[in-house]
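*Asks:* Taken in sequence, the protein lines are chains L, U, E and V. Every letter in the first sequence is one number past the one before it in this note's numbering, and letter 156, counting from 1, is 156. Every letter in the second sequence is one number past the one before it in this note's numbering, and letter 105, counting from 1, is 105. Every letter in the third sequence is one number past the one before it in this note's numbering, and letter 148, counting from 1, is 148. Every letter in the fourth sequence is one number past the one before it in this note's numbering, and letter 63, counting from 1, is 63.
One should not assume that every hint holds.
Since the list gives no way to pick out one identical chain from another, each pair is judged satisfied if it fits inside one copy or across any two copies.
Stated by the list, open to error - Derived lysine to any residue pairs resembling SDA-like cross-links, with alpha carbons at most 25 Å apart:
(1) Lys97 with Glu183
(2) Lys84 with Gly72
(3) Lys84 with Ser35
(4) Lys156 with Ala225
(5) Lys142 with Ser293
(6) Lys142 with Lys325
(7) Lys84 with Pro19
(8) Lys166 with Gln146
(9) Lys244 with Asp173
(10) Lys244 with Gly115
(11) Lys156 with Glu233
(12) Lys295 with Met229
(13) Lys114 with Arg45
(14) Lys84 with Ile62
(15) Lys84 with Asn73
(16) Lys84 with Asp61
(17) Lys114 with Glu278
(18) Lys325 with Glu242
(19) Lys325 with Asn288
(20) Lys175 with Lys277
(21) Lys295 with Asn283
(22) Lys97 with Pro307
(23) Lys170 with Asn248
(24) Lys295 with Ala145
(25) Lys156 with Glu64
(26) Lys47 with Asn283
(27) Lys84 with Val36
(28) Lys142 with Lys295
(29) Lys114 with Arg323
(30) Lys277 with Asn246
What the hints contain is simulated information worked out from the structure, not anything from laboratory work.
Number of protein chains: 4
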Amino acid sequence: MNSFGTIFRVSIFGESHGPAVGIVVDGCPPGIALSVEDFVTDIERRKGGVQKGTTPRKEDDIPEFLSGIFNGNSTGAPIAIQFKNNNTRSSDYEKQKAFPRPGHADFVAHQKFKGFEDNRGGGHFSGRLTVCLVAAGVIAKKILAQHNIQCIATIKEIAGETDLDKGLQKAIDAKDSVGGIVECTVNNLPAELGEPFFDSVESVISHAVFAIPAIKGIEFGAGFAAATMFGSEHNDAIVNMEGKTNTNHAGGIVGGISNGNNLVFRVVVKPTSSTPKEQQTLNIETGNVESFSVKGRHDLCIALRVPVVLEAVAAIVLADLIRRK
Amino acid sequence: MNSFGTIFRVSIFGESHGPAVGIVVDGCPPGIALSVEDFVTDIERRKGGVQKGTTPRKEDDIPEFLSGIFNGNSTGAPIAIQFKNNNTRSSDYEKQKAFPRPGHADFVAHQKFKGFEDNRGGGHFSGRLTVCLVAAGVIAKKILAQHNIQCIATIKEIAGETDLDKGLQKAIDAKDSVGGIVECTVNNLPAELGEPFFDSVESVISHAVFAIPAIKGIEFGAGFAAATMFGSEHNDAIVNMEGKTNTNHAGGIVGGISNGNNLVFRVVVKPTSSTPKEQQTLNIETGNVESFSVKGRHDLCIALRVPVVLEAVAAIVLADLIRRK
Amino acid sequence: MNSFGTIFRVSIFGESHGPAVGIVVDGCPPGIALSVEDFVTDIERRKGGVQKGTTPRKEDDIPEFLSGIFNGNSTGAPIAIQFKNNNTRSSDYEKQKAFPRPGHADFVAHQKFKGFEDNRGGGHFSGRLTVCLVAAGVIAKKILAQHNIQCIATIKEIAGETDLDKGLQKAIDAKDSVGGIVECTVNNLPAELGEPFFDSVESVISHAVFAIPAIKGIEFGAGFAAATMFGSEHNDAIVNMEGKTNTNHAGGIVGGISNGNNLVFRVVVKPTSSTPKEQQTLNIETGNVESFSVKGRHDLCIALRVPVVLEAVAAIVLADLIRRK
Amino acid sequence: MNSFGTIFRVSIFGESHGPAVGIVVDGCPPGIALSVEDFVTDIERRKGGVQKGTTPRKEDDIPEFLSGIFNGNSTGAPIAIQFKNNNTRSSDYEKQKAFPRPGHADFVAHQKFKGFEDNRGGGHFSGRLTVCLVAAGVIAKKILAQHNIQCIATIKEIAGETDLDKGLQKAIDAKDSVGGIVECTVNNLPAELGEPFFDSVESVISHAVFAIPAIKGIEFGAGFAAATMFGSEHNDAIVNMEGKTNTNHAGGIVGGISNGNNLVFRVVVKPTSSTPKEQQTLNIETGNVESFSVKGRHDLCIALRVPVVLEAVAAIVLADLIRRK
């Protein structure tokens, strides 16, 4: 299913080189002020062509409201938003059809969709669709803002370096792509959200987060570091009647339930699959493994574009949990 | 919601010290042979009291079939299984009611359930409920076995040591609890499972996995190590028309879809919250932070009991994906 | 799926002659007082053996709480309730295995469950499972009572007679079974519940109502009579700012949304399939159409037992809508 | 939720006088041939302005594919279809804002959406959205056609008359609107579809059918007539090993499961709420009940437009059941 959520529910559609990508947001309460301007900042943050290391493909990325917004406010009915695709060079992709790109969904898309997939630019699997997540995230953030909740994601590491420019330089030097670590913190999240089985806060956050292309791991609070900690060290001592803890190794979630402290999680973003480097892979026309290099416009480090998407996804999940409460 | 799945769907219930814990398994196809004996091995693997480092609480843990099984086979109707609770010492817990145990769900349960929670032994949040997951896992594994699919989980590290006894000795020496890393591999998983948005294989696996108490992170394939790899290094070259790859940094999932290689993921299990060590935490009766130590029977390293639960949860998820196909 | 609901969600299990039938109620708020005594009245109303025309099978029908209730209150965790089956005469059914009973699910159960169905007494398809609906209904009614909402169902017609004894006498005279009409009214239902697409109040009520065996039609307000009314006649004029109308041809629902007037709907209950009359039907052993008569204990008019079940189902649906609001 | 379905899932959006109405169809298998031409017949059947008694509003109603269709075939990714709104006269509605139209959703929309509703032409509650259902129905019918299943709906009665012109003349003579009865038959439906609790075939059909505006009742097979039948009369005798019955009082469903006979159900369509007749209703500006008459273009008998919508909805439901099988 290309949808997520119980009460606040998003349904995504579109292909990288089709007429449009879009999202339907159901369960938005009425009376949320929404204008095109509200979307600009986050959409700009996601866009390529701005920073060193991101793709020069420029899209206007102007959200068109098809429904659910009237006189500048959400009505309570489903909000449909589309982004027209108008800057695509499909021919880049046509040439390399024989080579299912390593790390990309080309091969699995071909199997899953029995050869009927729109193969241009990754089709439905394209990172292009994250603009829709960002748009839904803008709406979700507005709902959270009514509860004074903020989601803030930042890049912690590029190619193992906390100095991001240094990490990026590694990619440039190696003429290769690199990965990174992105962290998201949610402030003022109320306690009591989530269910132990099976809708723990970790469960629903990770479910949605793994819809973001290139993410291959997630950890909450101390995360994988907990593997080498003692219990007395990892346990966060509660220090007041509101449940505040002196440390936050749990990342704000105990027993699957938010505990009133900051929600903190980190994700690993794999290096961009479309590396400029020549690779060996299968030529499905010949059946042989051959040399191949990816053409087209791509990011050296896709992690650079992830923070705003991660915030959006977290906001979508939490807006739903808040609505379900 | 205390349920998971679309076509193969489980609903869990119960408290640690209530009359019973149990699970309803809906969507099991008819004609799966099921007897009490089929559950023994996995239930024994989960049980405490066997290995160094696990709790001496012994439960008979005999599954009672309430429905859905007739003449030794699944009928196609919902299968309800209960495990009666008959070896509980609630008084252990009564004494420490004033102290919401650090790392445990006591405090959030009290907030979420407004003081009506069954507080004995963690109530509905107890690890006791994982026996239900194991039972549903036995059924799910039988469905997967029809497709020749196996889920195998093993402990990779205890307290940072790959020599498990060494890791465990650390806990004993420190009179504290320790964490660990558990890896699950799924063989013969067919390609094409999962959806890019929002039901990627990573999404649904992690959703269910975070229902297991004490798990705080998950990574697929190379996982967090991908953060320091180059794209040319991380990409798995496809080497034949079945999609087999020479490496498996993707952990068997590309674009959210299984690619026909082994599914591989690892989780971090935090150190058992109930450490024998004295801790500082809130006394909710006095409102002061005081010294406190956990009484009762507990595991030094809960990771030891996780593999069979992790297999079960993976099997539940994959049985559903197979059924949805 | 053998479950229903979004936030307040029930999952049913069991077979007529298996160990037990039961229901798991998820999403019940904490602090609802619940004791066995609370279930007695509604369970008695459903029971056979009391009125002329109902089956002499007597079950104690004592609900056993397996989870979710602690110190006489709901905890907020899933409530599992079982009813043991202890008064069954399976041999009645063994004899007639060759004849899939007309009007019953025997034939479709055999097809759907590939011969693995529990065929005793209708198995999972048995009316016996409605005791579970009634139990969940008791909980749902308590939630509704907090909002001062009542669901009241009454029999309007038996065998076409508004004098019920007269209708029943028709069955006795004809040595046959008869059908009836049952109406449910819900008082004090707030406006705003439901969604035009696809969760109109009519949609969700009818979805759940058709889980009650033997119901073959439902109508809201004027219902089928609307087919011969003029618009000016059918329209309910709004007469005050609360939305009260002078008539209620809409049955309290406009555009799929509750409008603050009484919710009113009627269902038709087909005549009990197990009629004492001899019937012609297929002998699946011989493949011939042969004479056959149903043995066992049965109701002449199953509609007599429907009101409390209908109330229960309406309450389950509305408790969910209230919780989703 | 403005969505329906488990595996084949539709999500609807739009308002009568907004930029567009549309639908997202998720779970359509790849390789279904789909062109604009495929939609023409059914969209024309639904359109006003053709027959005596339907509204003169003419829309081009050309479906625009936004996603999920590539080279003339479904890809397997979500199919988004929009219909632009380009023939609207909102001013008609502006004038009558003080009067929530009796029988319409104006009043409940105002309550539910807290005054933020798009009130033009019924907004999200408009019958205009049924064009989206028809479009999704075209896709669903193509899936069913692969199994040789057809859905065929016809009008049985207008204003109580089986001679439809006669019924319609009643409306014209009375200068009022009238209702009707529409029947849908599904041929070649396989047995085994549906679940007794809570997804009986009756449950899921009626759930979706009540999303069609103006429908106030549904009955399967003999339906409400069963209330006056004897059991021996209503029971359909099985006459061969495929489960064919000599009569079809059950409407093709026994125990909630399709039995291999034709699925037959009927719905009642209330008289169009927008009657030309003057009515008494609340003026929300004055708080008084006043005389009022509906302006704008409307149908004398909305039942005339229902058959193709009913077919569409039935096809959507059954495509999902087939996909879930």
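*Asks:* If a hint holds in the structure, say so; if it doesn't, say that too.
*Replies:* Hints and how they fare:
no.	hint	result
1	Lys97 with Glu183	neither (36 Å within a copy, 36 Å between copies)
2	Lys84 with Gly72	both (21 Å within a copy, 20 Å between copies)
3	Lys84 with Ser35	both (17 Å within a copy, 21 Å between copies)
4	Lys156 with Ala225	both (16 Å within a copy, 14 Å between copies)
5	Lys142 with Ser293	neither (43 Å within a copy, 41 Å between copies)
6	Lys142 with Lys325	both (17 Å within a copy, 19 Å between copies)
7	Lys84 with Pro19	both (6 Å within a copy, 15 Å between copies)
8	Lys166 with Gln146	neither (39 Å within a copy, 51 Å between copies)
9	Lys244 with Asp173	neither (46 Å within a copy, 31 Å between copies)
10	Lys244 with Gly115	between (54 Å within a copy, 18 Å between copies)
11	Lys156 with Glu233	both (24 Å within a copy, 22 Å between copies)
12	Lys295 with Met229	between (46 Å within a copy, 21 Å between copies)
13	Lys114 with Arg45	neither (36 Å within a copy, 34 Å between copies)
14	Lys84 with Ile62	both (8 Å within a copy, 18 Å between copies)
15	Lys84 with Asn73	both (22 Å within a copy, 21 Å between copies)
16	Lys84 with Asp61	both (7 Å within a copy, 21 Å between copies)
17	Lys114 with Glu278	neither (28 Å within a copy, 54 Å between copies)
18	Lys325 with Glu242	within (18 Å within a copy, 27 Å between copies)
19	Lys325 with Asn288	neither (55 Å within a copy, 30 Å between copies)
20	Lys175 with Lys277	within (6 Å within a copy, 52 Å between copies)
21	Lys295 with Asn283	within (15 Å within a copy, 63 Å between copies)
22	Lys97 with Pro307	neither (31 Å within a copy, 42 Å between copies)
23	Lys170 with Asn248	between (33 Å within a copy, 24 Å between copies)
24	Lys295 with Ala145	neither (42 Å within a copy, 42 Å between copies)
25	Lys156 with Glu64	neither (33 Å within a copy, 43 Å between copies)
26	Lys47 with Asn283	neither (32 Å within a copy, 50 Å between copies)
27	Lys84 with Val36	both (14 Å within a copy, 20 Å between copies)
28	Lys142 with Lys295	neither (39 Å within a copy, 38 Å between copies)
29	Lys114 with Arg323	between (39 Å within a copy, 17 Å between copies)
30	Lys277 with Asn246	between (47 Å within a copy, 18 Å between copies)
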